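Chain by chain, the residues run as shown.
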Amino acid sequence: MTEKDLLSALSDVDEGYVEHAATALEGRGGGRRRRILQTVIALAAALCLLIAGTVGVALSVREPDGTATESSSFPLPLLTTPHHSGELSGKQYVSLLEGSSLSTDEAEYPDPVIAYREAYVITARVIEVLPDVYSRTPYAAPDKILRLQVLDVLNGANMPEEIYFLFPAEYMIDFSPYSEIVFAMQQLGIENFLLYNQTDRCVESFSLLFDFWTHPIHTPNGAMIPFTDGTPDLRLWENENWRYGAENALEVLKTYTGKTDCTPEEFKAGIRAQTRYPDCPVRTQASFDFDAARTVFAYVEPYINGTFMQEESDPGDPPLISYIRLINGFRTEERIVMNGEKQTVTDSGVRYTAEDLQSVPDIGALIEILEQKNLTPPHLDTDGLEMRGGQITGWYRKVNGKVYGIVKAEWLFFEPRQRQYYRDDLYFLATPDGTYRKVSREELRSVIGEDHYIDTYPHGSRVEVYE
Amino acid sequence: MDDHAIIALYNARDEQAIAETAHKYGAHCLAIAENILASIRDSEECVNDTWLQTWNSIPPANPHSLRAWLSRVTRNLALNRLAARSADKRAGEHYTTALEELSECIAAPTDTEGEVLRREEAKALAKSLNRFLQTLPTRDRDIFLGRYYFLYSAKEIAQRLGMKENYVRNVLSRTREKLRGHLRKEEFDL
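So the sequence lines, in the order shown, correspond to chains A and B. According to the numbering used here, the first sequence is numbered sequentially starting from 1. According to the numbering used here, the second sequence is numbered sequentially starting from 1001.
Incorrect hints may appear among the rest.
[To be verified] BS3-like, lysine-lysine: derived pairs with alpha carbons at most 27 Å apart:
id: 1; chain 1: B; residue 1: Lys1178; chain 2: A; residue 2: Lys254
id: 2; chain 1: B; residue 1: Lys1123; chain 2: B; residue 2: Lys1155
id: 3; chain 1: B; residue 1: Lys1127; chain 2: B; residue 2: Lys1178
id: 4; chain 1: B; residue 1: Lys1164; chain 2: A; residue 2: Lys408
id: 5; chain 1: B; residue 1: Lys1164; chain 2: A; residue 2: Lys144
Hints in this document: simulated from the structure, not taken from any laboratory. Please read these numbers as outputs of a predicted model, since none were measured by experiment.
Can you make the complete structure from the sequences, with help from the hints?
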C-alpha cells in the first residue's frame, strides 16, 4: 500500500462524514476563491523525495543592505511625566503584519474532562459584565471581565463569594438566560494582577482574577456548562464560535454522570467524587506574611512608585510571586521575586527611580511610526516563502543611569517544499536624548549588553518548530 | 433548490437537474478538482465530467447526500485524470503535500509506482478508514477530512473552522499518528 492508495481510498469513506465535514468547512470562509496555483511540484519528483529523503535546498539569504546599520537618527518624543497613574500613550495593540502569532511551539491543551479534575470548579451566576475591553499584554486578543457570584464550590477551598473572570471578547454572549453555570477555572492573580484597559488606554489592577482552565480557542468549550431549570442548557452553543462546545460539554457530563441529561446535583456529585485536589486553596496574600514581603507589597502598591505586573507560580509548584515594572505598558528588567516557602526576596538589582522616569523614550510612539513604514525582513529573500506571522514588541533597559527603549520587529516564514521554517528580526534603539535609529544585534548589545530578547540564531538558518 | 428536488429532476430526466447541480455545488466541486489538478482548465473539464457521470448514474442511484456524492465523483475523476497525465503536467500543491503527510501513516511504503491496489484491497482499506474515522471526535474528523479528502491547506481549514492554524496542524499530526497505529493493528502495513 502507498500513500496514494490511502488518499484514493478516502474517496469511499462514509458519505455522512464527508457531508458533516463539508458543512463545517463552509463555515466562515464563504465561497472558495479561485486561484491559480503558482508553485507546483512534479508528482514523480515528489515521490522520489519521499523515498530518498529530503533534499537540501539552499535558501538564498539577502546580504544586509548598507542601511541595516545606518547610524541616522530620527526624532522621538520623550515621556516626561512620571507614570505613576498607569496611563499609557502610544499604540497598545499593534499587529505589524497579517498572519498567525509568531509563536509556533504551542503546547497541547488538556481536554475538558481532565480540566474538571484539576481545576478550581464552581457554579456561578454572572451578575455583571464590566463595560471596558481588556487584554493581558499590549498585543493580546481582547477580553471582557465578568463579575461572578459563586453559588457552589466543587473543587477548591477558600473561594470568595464573588470573583472576577476573564472572558475572551470573541466568544462574548448574553449570560442572562442562564441561572447557574459550571466553570472549570485557573487562578490568574492574587492582587495587583494588571490588565491593559484598551477602552481607556490605561492599566488596571484586579484582585482574585480567574479564567478558563482550557481556553475557548483551543477546546471550545467544555470548561463552561450552563444549567437552566435543572437541565443542561444547550442554548449557549447556538453561537457559532462555540462550534464544538456542545460536543465537549456533553462529553464532560457523560464522563462524570454517565449521561448527558443529568441534573446539576448529579453533575456536582460526579465532579466531587473524581476531583484530584478538592481542597486546593485559592491563593491570597495572607500566605506571604513575612517582613520582607510586606516591604515589597508597599513598594509595588499600585501607582505609588510606578506600575508593576504580577506573575505567580502554578499551584503545586514552590510558591513564588514576581513583580515586574512596566513603563507605558512595556516591560523593564526591574523584577522582584518573593519565595513564600523560604520567606526570601530576591531582585534583579535594577531600580527605576522617579528621576529615571522623568525622561523616557516613548517606544509606543515609535511603534506607531514604524507601523507606517511597511517594514520588511532585512536578511531573508522571501521569494517562494509563505509568511506565517509577524509581530512587533518593545521593552526598556536602564544602562548607566539612563533609560533606553528597544523595539523589535520579527517574522516567521515557511518554505513549503522542504517544510522548513525561517525567521528574521530587525531592531530599533530609542535613546534618552529623544531620538531613535535602526541598529544591528551587535550594536544593540554594545549599548545595553546581553539581553535574552535579542535573538542569536544565524540569519538565513532553518528554525526548528514544533508542529 | 433542495437536494430532493434536484434528484427528482434527474429521475424525471429533466436536464435542468444539471444546471441546478452546477449552481449549487459547482464551486465546491471545482475547489476539490483544483486542489488535485492545479489547472483551471483541467478542473473545469473534471467538473463537467462529474455532471455527466451524475446524469448517467441517477437513476438508479439515489444519494442520501448529493454534496457528498458529488464530492466523491469529482475527487475520483480528478485522481484518475491525474494518474493519466503525462509526467510534465503536475499535481496540485495541496495534493502533493497531503501525500507526503500521509506517507507517515504507512510503516513500510512499497515502491508500487505503476501498480494499483487490487480492488478488494482498496475496498477493505476504505472500510478500515471508516472504522478509524468512527473513533475520532467530530472536530478532529472534520479537520482530517478537510485536509485529506477535500485537500484544503491547514491555513484554509483554520480559517473556515475559526481556529488557529497551529491547532489544526497539531490535530492533523496527532490524527496521523493514530491512523498509523490503526493501520498497523488492522495489518495494512504489510
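Outcome of the hint check:
1. B/Lys1178 x A/Lys254: Given that 27 Å is the threshold and the Cα spacing comes to 24 Å, the pair holds.
2. B/Lys1123 x B/Lys1155: 31 Å, violated
3. B/Lys1127 x B/Lys1178: Holds: lysine 1127 of chain B and lysine 1178 of chain B sit about 16 Å apart, inside 27 Å.
4. B/Lys1164 x A/Lys408: It holds: about 24 Å lies between the C-alpha atoms, which stays within 27 Å.
5. B/Lys1164 x A/Lys144: Roughly 20 Å separates the two Cα atoms, so the pair holds.
Figure legend: structure checked against the earlier numbered hints; the only hint not met is number 2.
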